[in-house]
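Asks: Sequences and hints are given; from them, build the entire structure.
Heads up, the sequence shown stops at 447 in our numbering, and the numbers go up one at a time, no gaps.
Think of the hints as simulated: they come from the structure by calculation, not from any bench.
Computed from a prediction, not measured in an experiment: that's the story for all the values here.
Ideal Cβ placement from N, Cα and C applies to all residues, glycine included.
Any given hint might turn out to be false.
To be verified - Distance windows between CB atoms, simulated:
{"no.": "1", "residue 1": "H365", "residue 2": "R342", "range": "16 to 24 Å"}
{"no.": "2", "residue 1": "G199", "residue 2": "G296", "range": "50 to 58 Å"}
{"no.": "3", "residue 1": "F148", "residue 2": "V351", "range": "54 to 62 Å"}
{"no.": "4", "residue 1": "R405", "residue 2": "G240", "range": "36 to 44 Å"}
{"no.": "5", "residue 1": "P427", "residue 2": "P297", "range": "52 to 60 Å"}
{"no.": "6", "residue 1": "E439", "residue 2": "K323", "range": "34 to 42 Å"}
{"no.": "7", "residue 1": "S151", "residue 2": "G248", "range": "31 to 39 Å"}
{"no.": "8", "residue 1": "K323", "residue 2": "G360", "range": "31 to 39 Å"}
{"no.": "9", "residue 1": "V351", "residue 2": "E203", "range": "54 to 62 Å"}
Claimed, not checked - In silico DSBU-like links for lysine-lysine, alpha-carbon gap of 35 Å or less:
{"no.": "10", "residue 1": "K340", "residue 2": "K265"}
{"no.": "11", "residue 1": "K323", "residue 2": "K340"}
{"no.": "12", "residue 1": "K231", "residue 2": "K131"}
{"no.": "13", "residue 1": "K131", "residue 2": "K279"}
{"no.": "14", "residue 1": "K367", "residue 2": "K131"}
{"no.": "15", "residue 1": "K367", "residue 2": "K256"}
{"no.": "16", "residue 1": "K265", "residue 2": "K323"}
{"no.": "17", "residue 1": "K279", "residue 2": "K265"}
{"no.": "18", "residue 1": "K256", "residue 2": "K323"}
{"no.": "19", "residue 1": "K367", "residue 2": "K265"}
{"no.": "20", "residue 1": "K447", "residue 2": "K367"}
{"no.": "21", "residue 1": "K340", "residue 2": "K131"}
{"no.": "22", "residue 1": "K447", "residue 2": "K230"}
{"no.": "23", "residue 1": "K323", "residue 2": "K131"}
{"no.": "24", "residue 1": "K279", "residue 2": "K367"}
{"no.": "25", "residue 1": "K256", "residue 2": "K279"}
{"no.": "26", "residue 1": "K340", "residue 2": "K231"}
{"no.": "27", "residue 1": "K323", "residue 2": "K279"}
{"no.": "28", "residue 1": "K340", "residue 2": "K447"}
{"no.": "29", "residue 1": "K230", "residue 2": "K256"}
{"no.": "30", "residue 1": "K367", "residue 2": "K340"}
{"no.": "31", "residue 1": "K131", "residue 2": "K447"}
{"no.": "32", "residue 1": "K265", "residue 2": "K447"}
{"no.": "33", "residue 1": "K323", "residue 2": "K231"}
{"no.": "34", "residue 1": "K230", "residue 2": "K279"}
{"no.": "35", "residue 1": "K447", "residue 2": "K323"}
{"no.": "36", "residue 1": "K231", "residue 2": "K256"}
{"no.": "37", "residue 1": "K131", "residue 2": "K230"}
{"no.": "38", "residue 1": "K340", "residue 2": "K279"}
{"no.": "39", "residue 1": "K230", "residue 2": "K265"}
{"no.": "40", "residue 1": "K367", "residue 2": "K230"}
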Amino acid sequence: MNDTHATDHGTDELLRRSLGIGRRSFLSTCTAVAAGAIAAPVFGAAPVQAATPAESNGKAKGHLLVPEDKRGIILYTVRDATGRDPFSTSLPSGFRAVFEQLARFGYRQVEFAGYGQHRNAPGGASLESVEGARLLRGWLDEFGLRAQGNHGFIPGSWPLTTGDLDTFKKHLEIANILGMQHMGTGGDPTGSSYKADWDVAAEKWHALGEIARSAGIKLYTHNHDTAYGFLLDGGPLDAQGRPTRSSGIRKLEYFLSITDPKLIWLEMDIYWAHVAQYKFRTYTDHDGAVRQNIFDPAGLVAAHNKRYPLFHAKDGVINTANGQGYDMVPFGTGVIDYTTFFSRVGHPNYHNPMVEQDNAPSSTNPGQSLEHARIGYENMAALRRK
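Replies: Shown next, in the form of structure tokens:
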């Protein structure tokens, strides 16, 4: 966030207080005015009001949408802090100090995004080893944190090369030392829109899932918006012999339908799922007719609830000018309706939502990512059932 944004934020805060309305209502109002008339079902823009301290400590505690032990954060959000030279600053730097700070905020789970940190931090630059994992596990235990997943190594080869298989097994060993139930990736099974490529991806992921299950780990894949675009699976063929039209099934929905729920799990990035809701609203069917189909992220999870043990919980404000529909903001300060989402998917003691904000690090404000992590925790803790 640059200085202009910081100044605007201060002005917005004064205006919000003078109007006597909640921050989420204020942001929802401002963005709706800026965007013009926007269909609510597409954006899910109902505001969420934070609970007061009295509510947090009173009867409302029994209506938590995210239990205390399920509140997590992916370390990608604070990657500048883990990568920071501890000799150059008094800010938390490296894994151990960042774990300590996150625990102070209240987090109880972390999802890794690799095992690298600054070389001057305790343990050195890379903890991607059995010895490094033991060190990390000690720090997690010290601060009452649990590792719950990693966006790490998924073999690029298929069939698997010996080197890729060995590295994959090493990561499973690391996951077990860290105490993870799940291990995954930050990417989609394939970037293709073609059914044949998703069939190959499913074959590969079944093989990886079998290896992970033998190690006692559940393997998951993570989505971006394009994975919820429409599969090209019929109609006239192009010059390369590939289909050009769709049955209306979305790519990751197809992947769900052809994969074994005992071998492959998914992590929904709720923000990118809402971007997909905005971007992929129509498709051309096999007969050439254009049809509308609005994506319902919570509906998909509710239909396949046990397939989605993890979420990325990040927020956005409406911006139709950027082609995505949203600009990313700290969790709880945008318009994505997390009260409704978590209420609809249910099973709060099964799901593991991880606060994420891709743009939290700042080149001008070194403490911003950890501050946004704090804001994200407080807003997640404030979520209550309607």
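Asks: None of the hints should be skipped; say for each whether it holds.
Replies: The hints, checked one at a time:
{"no.": "1", "hint": "H365 / R342: 16 to 24 Å", "result": "holds (21 Å)"}
{"no.": "2", "hint": "G199 / G296: 50 to 58 Å", "result": "holds (57 Å)"}
{"no.": "3", "hint": "F148 / V351: 54 to 62 Å", "result": "holds (60 Å)"}
{"no.": "4", "hint": "R405 / G240: 36 to 44 Å", "result": "violated (30 Å)"}
{"no.": "5", "hint": "P427 / P297: 52 to 60 Å", "result": "holds (55 Å)"}
{"no.": "6", "hint": "E439 / K323: 34 to 42 Å", "result": "holds (37 Å)"}
{"no.": "7", "hint": "S151 / G248: 31 to 39 Å", "result": "holds (36 Å)"}
{"no.": "8", "hint": "K323 / G360: 31 to 39 Å", "result": "violated (23 Å)"}
{"no.": "9", "hint": "V351 / E203: 54 to 62 Å", "result": "holds (57 Å)"}
{"no.": "10", "hint": "K340 / K265", "result": "holds (28 Å)"}
{"no.": "11", "hint": "K323 / K340", "result": "holds (31 Å)"}
{"no.": "12", "hint": "K231 / K131", "result": "holds (27 Å)"}
{"no.": "13", "hint": "K131 / K279", "result": "holds (17 Å)"}
{"no.": "14", "hint": "K367 / K131", "result": "holds (16 Å)"}
{"no.": "15", "hint": "K367 / K256", "result": "holds (24 Å)"}
{"no.": "16", "hint": "K265 / K323", "result": "holds (15 Å)"}
{"no.": "17", "hint": "K279 / K265", "result": "holds (15 Å)"}
{"no.": "18", "hint": "K256 / K323", "result": "holds (22 Å)"}
{"no.": "19", "hint": "K367 / K265", "result": "holds (21 Å)"}
{"no.": "20", "hint": "K447 / K367", "result": "holds (23 Å)"}
{"no.": "21", "hint": "K340 / K131", "result": "holds (31 Å)"}
{"no.": "22", "hint": "K447 / K230", "result": "violated (44 Å)"}
{"no.": "23", "hint": "K323 / K131", "result": "holds (22 Å)"}
{"no.": "24", "hint": "K279 / K367", "result": "holds (12 Å)"}
{"no.": "25", "hint": "K256 / K279", "result": "holds (25 Å)"}
{"no.": "26", "hint": "K340 / K231", "result": "violated (38 Å)"}
{"no.": "27", "hint": "K323 / K279", "result": "holds (8 Å)"}
{"no.": "28", "hint": "K340 / K447", "result": "holds (29 Å)"}
{"no.": "29", "hint": "K230 / K256", "result": "holds (29 Å)"}
{"no.": "30", "hint": "K367 / K340", "result": "holds (27 Å)"}
{"no.": "31", "hint": "K131 / K447", "result": "holds (19 Å)"}
{"no.": "32", "hint": "K265 / K447", "result": "violated (42 Å)"}
{"no.": "33", "hint": "K323 / K231", "result": "holds (22 Å)"}
{"no.": "34", "hint": "K230 / K279", "result": "holds (13 Å)"}
{"no.": "35", "hint": "K447 / K323", "result": "holds (33 Å)"}
{"no.": "36", "hint": "K231 / K256", "result": "holds (32 Å)"}
{"no.": "37", "hint": "K131 / K230", "result": "holds (27 Å)"}
{"no.": "38", "hint": "K340 / K279", "result": "holds (31 Å)"}
{"no.": "39", "hint": "K230 / K265", "result": "holds (15 Å)"}
{"no.": "40", "hint": "K367 / K230", "result": "holds (25 Å)"}
Of the hints listed earlier, those the structure fails to meet are numbers 4, 8, 22, 26 and 32, in rising order.
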